[in-house]
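Q: Sequence:
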Amino acid sequence: MKPIIQIRRIATAIALGVAVFSAQLAVAAPVKNVVLVHGYFADGSGWQAVSKILTHDGYKVSVVQEPETSFKDDIEATTRVVDAQDGPSILVGHSYGGAVITEAGNDAHVSGLVYIAAFEPDANESLKDLTTKMPAATKAIKATDDGHLYLDPSRFHADFAADVPAAETAFMASSQVMPAVESFTAPVTQPAWKSKPSWAVVATADRTVNPDLERWMAKRANSTTIEVNSSHVAYLSHPAEIARLIEKAAVESADR
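Numbering (the numbering used here), first residue to last: 769 to 1024.
In case anyone wonders, no lab produced these hints; they're calculated from the structure.
Check before you lean on any hint, since a few could be wrong.
[Stated by the list, open to error] Cut-off 25 Å, straight-line C-alpha distance, at most; resulting in silico cross-link-like pairs (DSS-like, lysine-lysine): (1) Lys910 - Lys828; (2) Lys910 - Lys964; (3) Lys987 - Lys828; (4) Lys1016 - Lys987; (5) Lys800 - Lys901; (6) Lys907 - Lys896; (7) Lys962 - Lys800; (8) Lys987 - Lys962; (9) Lys962 - Lys901; (10) Lys800 - Lys1016; (11) Lys828 - Lys800; (12) Lys840 - Lys910; (13) Lys901 - Lys987; (14) Lys820 - Lys840; (15) Lys896 - Lys910; (16) Lys964 - Lys840; (17) Lys962 - Lys896; (18) Lys964 - Lys828; (19) Lys987 - Lys964; (20) Lys962 - Lys840; (21) Lys1016 - Lys820; (22) Lys1016 - Lys962; (23) Lys987 - Lys896; (24) Lys964 - Lys907.
Given the structure is predicted, the values throughout are model-derived calculations rather than measurements.
Produce the entire structure from the sequences given, and follow the hints as far as they go.
A: Structure (structure tokens):
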């Protein structure tokens, strides 16, 4: 009888070990959904290089195409994509997209936030409030008569994407999205970075958002921060570094 008892004990131990190991894997498994949100004067196609890296590494990537007709519309567009995911998501915002994910990130399906040269507003704070505190180097952002913003095409390469080939930025300038001025003045109501972990990229050569403002916002939000020697479009010129930080957020947010 003893051999049978010993076999049963061994089998029980193995089963317990497998159960514990499986539980550990479940806890440590990274978030596999990544939702990317673009900012002003660009669209979702700019995320292509980052998306390819993340997809290659096993992540499911979705890109939001915000209408930029109002802050509310952009939050709703982002939430719609987040809610379509199977499981939790990392929400990534560039530039104005940072304000969008700050509000949309309160969705229960969001486990972490990543800010790429982005705004991280507090409650009752707008992009206008933040840029008044620490203005950017560029003076090329202009408004149309009907209340939309655009970046002067003659300054697009120098002020927005100086480390991207000029031929590419010329097309970006001529195809830029013109956001409603309302999205620049609308305040955030409930900043998700107060309740969820966040990561941030400071673009040290940014002329569209002041790098010192990026550092200040990231510190205030207690975001895990890296700095990249980049223009405003760090996701275009440094896709590997950006993808690496997003993957870090996916792993670390699963442990929190």
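Q: For each hint, tell me whether it holds in the structure or not.
A: Outcome of the hint check:
1. With a C-alpha separation of about 36 Å, the suggested pairing of lysine 910 with lysine 828 is violated against the 25 Å cut-off.
2. A hinted pair counts as satisfied when its Cα atoms are at most 25 Å apart, and lysine 910 with lysine 964 does not qualify at roughly 34 Å.
3. Distance check on the hinted pair: lysine 987 and lysine 828 sit about 29 Å apart at the alpha-carbon level, beyond 25 Å; violated.
4. Simply put, lysine 1016 and lysine 987 have alpha-carbon atoms about 18 Å apart, close enough for the 25 Å limit, and the pair holds.
5. A C-alpha spacing of about 37 Å is found between lysine 800 and lysine 901, which places the hinted pair above 25 Å, so the restraint is violated.
6. For a cut-off of 25 Å, the pair hint linking lysine 907 to lysine 896 stands: about 14 Å separates their Cα positions.
7. Note on lysine 962 and lysine 800: the hinted pairing holds, with a Cα-Cα distance of about 23 Å set against a maximum of 25 Å.
8. Taken as a hint, the lysine 987 and lysine 962 pair is honoured in the structure, with Cα atoms around 12 Å apart against an allowance of 25 Å.
9. Only pairs whose Cα atoms come within 25 Å are accepted, and lysine 962 paired with lysine 901 is accepted, the gap being roughly 21 Å.
10. Between the alpha carbons of lysine 800 and lysine 1016 the distance comes to roughly 12 Å, so the proposed pair stays at or under 25 Å and holds.
11. As the CA atoms of lysine 828 and lysine 800 are separated by approximately 6 Å, the hinted pair is consistent with the 25 Å bound.
12. Taking the CA atoms of lysine 840 and lysine 910, the gap is about 22 Å. The hint holds against a cut of 25 Å.
13. For the suggested pair lysine 901 and lysine 987, the alpha carbons sit about 16 Å apart, so the restraint of at most 25 Å is met.
14. Of the pairs offered as hints, the one joining lysine 820 and lysine 840 is violated, with about 29 Å between alpha carbons and a cut-off of 25 Å exceeded.
15. Between the alpha carbons of lysine 896 and lysine 910 the distance comes to roughly 14 Å, so the proposed pair stays at or under 25 Å and holds.
16. This hinted pair checks out: lysine 964 and lysine 840 have alpha carbons roughly 21 Å apart, not beyond 25 Å.
17. At roughly 21 Å between alpha-carbon atoms, lysine 962 and lysine 896 fall within 25 Å of each other, so this suggested pair holds.
18. Proximity of lysine 964 to lysine 828 is assessed by CA-CA distance (about 21 Å); at most 25 Å being required, the pair is judged to hold.
19. Pair hint lysine 987 plus lysine 964 holds up; C-alpha atoms about 15 Å apart against a cutoff of 25 Å.
20. The hinted pair formed by lysine 962 and lysine 840 meets the criterion: a straight-line CA distance of about 20 Å does not exceed 25 Å.
21. Between lysine 1016 and lysine 820 the CA atoms are separated by roughly 16 Å; this keeps the pair inside 25 Å, and the hint holds.
22. Distance check on the hinted pair: lysine 1016 and lysine 962 sit about 19 Å apart at the alpha-carbon level, within 25 Å; holds.
23. The hinted pair formed by lysine 987 and lysine 896 meets the criterion: a straight-line CA distance of about 19 Å does not exceed 25 Å.
24. Among the hinted pairs, lysine 964 with lysine 907 is inconsistent with the structure: their alpha-carbon atoms are about 34 Å apart, more than 25 Å.
Checked against the numbered hints above, the structure violates hints 1, 2, 3, 5, 14 and 24; every other hint is satisfied.
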